[in-house]
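**Student:** Next come the chains, spelled out residue by residue.
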Amino acid sequence: MSGDDHDHDHDHDHHDHGDDHDHDHHDHGDDHDHDHHDHGDHSDVPSDVALRAKALFSLLADKGIVDPDGVDRIVEAYEHRVGPHLGAKVVARAWVDEGYRQRLLADGTAAVQELGIGGWRDGSRLVAVENRADVHNVVVCTLCSCYPLPLLGVPPAWYKSAPYRSRVVLDPRGVLAEFGTEVDPGVEVRVWDSNSEVRYLVLPERPAGTEVMSEDELAALVGRNAMIGVERVTVATGDVAG
Amino acid sequence: MNGIHDLGGMAGFGPVAAEPERTEPNFHDDWEPAVLSSMYATLRLRRWSIDEFRLTIERSAPLDYLRRSYYEKWLVALEELVVRHGVLSAEELASGQASASLSPNEHRWTPSFEPPDAPARFVDGAVVRAVNRHPAGHTRAPRYVRGRVGTVIRAVGTEPLPEDAAAGVCTPQRLYLVRFEAAELWGPDSGGNDAVYLELWESYLEEIP
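Top to bottom, those sequences are chains A and B. In terms of our numbering, the first sequence has 100 at position 91, counting the first letter as 1, and numbering is strictly consecutive. In terms of our numbering, the second sequence has 258 at position 86, counting the first letter as 1, and numbering is strictly consecutive.
Derived by calculation from the structure, the hints in this document are not laboratory data. Just to be clear, a hint being listed does not mean it is correct.
Said to hold, decoys possible - Once the Cα atoms are required to be at most 25 angstroms apart in a straight line, the calculated DMTMM-like pairs of lysine to aspartate or glutamate come out as:
#  : chain 1 : residue 1 : chain 2 : residue 2
1  : A       : LYS63     : A       : ASP78
2  : A       : LYS63     : B       : ASP202
3  : A       : LYS72     : B       : GLU251
4  : A       : LYS63     : B       : GLU252
5  : A       : LYS98     : A       : GLU226
6  : A       : LYS98     : A       : GLU139
7  : A       : LYS63     : A       : ASP81
8  : A       : LYS98     : A       : ASP116
9  : A       : LYS72     : B       : ASP202
10 : A       : LYS72     : A       : ASP57
11 : A       : LYS72     : B       : GLU264
12 : A       : LYS72     : A       : GLU85
13 : A       : LYS98     : B       : GLU196
14 : A       : LYS98     : A       : GLU220
15 : A       : LYS98     : A       : GLU85
16 : A       : LYS98     : A       : GLU224
17 : A       : LYS63     : B       : GLU263
18 : A       : LYS63     : B       : GLU196
19 : A       : LYS63     : A       : GLU88
20 : A       : LYS72     : B       : GLU252
21 : A       : LYS98     : B       : GLU191
22 : A       : LYS63     : B       : ASP201
23 : A       : LYS63     : A       : GLU85
24 : A       : LYS63     : B       : ASP236
25 : A       : LYS63     : B       : GLU264
26 : A       : LYS63     : B       : GLU251
27 : A       : LYS72     : B       : GLU278
28 : A       : LYS98     : A       : GLU88
29 : A       : LYS98     : A       : ASP225
30 : A       : LYS98     : A       : GLU123
31 : A       : LYS63     : A       : ASP76
32 : A       : LYS98     : A       : GLU214
33 : A       : LYS72     : B       : GLU263
Working from the sequences, and respecting the hints, build out all of it.
**Tutor:** Quick look at the structure:
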């Protein structure tokens, strides 16, 4: 199975992993400082989970329901083919091609298909929302973790976590500030709660000073977080994922 | 249902713990893609809808929901669904040995996205209230909008009503993108002209008399 023909529903509270404990985030709760493998934001993941997951997969493979190579294929797909680089391509095209920008805002699904990005599951479709000088958009799924997978790949763990899902609708400016994104009081913040099969892409503002950049160079500036809306695209940010 | 999954507006979960974008792996353990792959493959059998899958997760006890990792929640739901819908028997799951062939799919889930014959109830710009309803089963009307007044921005197509889809019944219904002002949802202390947008099914909305 390829990862690009699905748009699944993410409902993930799982954000920390023990082998990466020196990054600069906070793992809330009381299990903050262990250095052993810690799958969730909360302790005590039963040790049999991995076995049960593999047993279920293997039974489904025995019955011909999953491709026995499905695990490798899904990992490979999200590693190499389906990820934020696709969304970045869409954003860069919209920045350099006014006609494309208008088509993207009018019909996101069709516009990304123009660039060869399909794979929207039953009824799901894409809407692009544009950041402007007076509007900042940010996307969430408070009820689970709906996300534009064909365009951005697997959602980050924080997107699926209780802290983000609970608070970004109530205090979007506070959450954005945790990502280093300060929004001027005069700018309207629009939070998009993806609770149907509509999926959202934030079209970030093109940073100043990029007039001479090529489309590919622009795409390299656009990171996943900016397309969720928790960050802005900056020239210094050049560390795009995917 | 008023489950723990309906998190919008709650406090107390702490700051957002974001791993650096550049280095966060897609999967944090090697069994996670096995669950993801199993989820996709079984959903494609069309024995249950995405809404039934969601409801199965939503029914977990609140403490379990919060304690389980994301893919563990999926795994628990899948273990329940495969047995409920005859994909695997409880014995097969317990033993890890496949023994029976797949039973016939007697209630194939067939979603429809065709608009209903009845005309749309709401026009762009209509002022509407989200119905104050607290169903025992699945719904996609989060608690924080119920009883609140918003503005219809536009109609956004037709999807199966989640309440019915979770029970395997397809009732196509129109959806509307509705804007709720932050002050309407969260009171006068909330941020100025901020707003929350979401799609709500037609029966989730009522006209303001």
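**Student:** Would the hint linking LYS98 of chain A and GLU226 of chain A be met if the CA-CA limit is 25 angstroms?
**Tutor:** Measuring from Cα to Cα gives roughly 10 angstroms; hence the hint holds.
**Student:** Is it true that the CA of LYS98 of chain A sits at most 25 angstroms from the CA of GLU220 of chain A?
**Tutor:** Holds: LYS98 of chain A and GLU220 of chain A sit about 17 angstroms apart, inside 25 angstroms.
**Student:** So if I understand the rule, the pair passes when the alpha-carbon distance is 25 angstroms or less; does LYS63 of chain A with ASP76 of chain A pass?
**Tutor:** Cα-Cα ~13 angstroms, so holds.
**Student:** Could you grab the alpha-carbon distance between LYS63 of chain A and ASP202 of chain B and see if it respects the 25 angstroms cut-off?
**Tutor:** holds, 9 angstroms
**Student:** Are the Cα positions of LYS98 of chain A and GLU123 of chain A separated by 25 angstroms at most?
**Tutor:** Given that 25 angstroms is the threshold and the Cα spacing comes to 11 angstroms, the pair holds.
**Student:** Given the hint that LYS63 of chain A pairs with GLU196 of chain B, does the C-alpha gap stay at or below 25 angstroms?
**Tutor:** The given pair, whose Cα atoms are some 23 angstroms apart, holds under the 25 angstroms limit.
**Student:** Hint check: LYS63 of chain A vs GLU263 of chain B, CA-CA at most 25 angstroms. Holds or violated?
**Tutor:** holds, 16 angstroms
**Student:** Check the hint pairing LYS98 of chain A with GLU224 of chain A against an upper bound of 25 angstroms on the C-alpha distance.
**Tutor:** holds, 8 angstroms
**Student:** Sort out whether GLU88 of chain A lies within 25 angstroms of LYS63 of chain A, counting only the CA atoms.
**Tutor:** Given that 25 angstroms is the threshold and the Cα spacing comes to 21 angstroms, the pair holds.
**Student:** Given the hint that LYS72 of chain A pairs with GLU264 of chain B, does the C-alpha gap stay at or below 25 angstroms?
**Tutor:** The given pair, whose Cα atoms are some 11 angstroms apart, holds under the 25 angstroms limit.
**Student:** Sort out whether GLU139 of chain A lies within 25 angstroms of LYS98 of chain A, counting only the CA atoms.
**Tutor:** Within the cut-off at roughly 15 angstroms; holds.
**Student:** Between the alpha carbons of LYS72 of chain A and ASP57 of chain A, is the straight-line distance 25 angstroms or under?
**Tutor:** holds, 23 angstroms
Hint violations for this structure: none, all hints satisfied.
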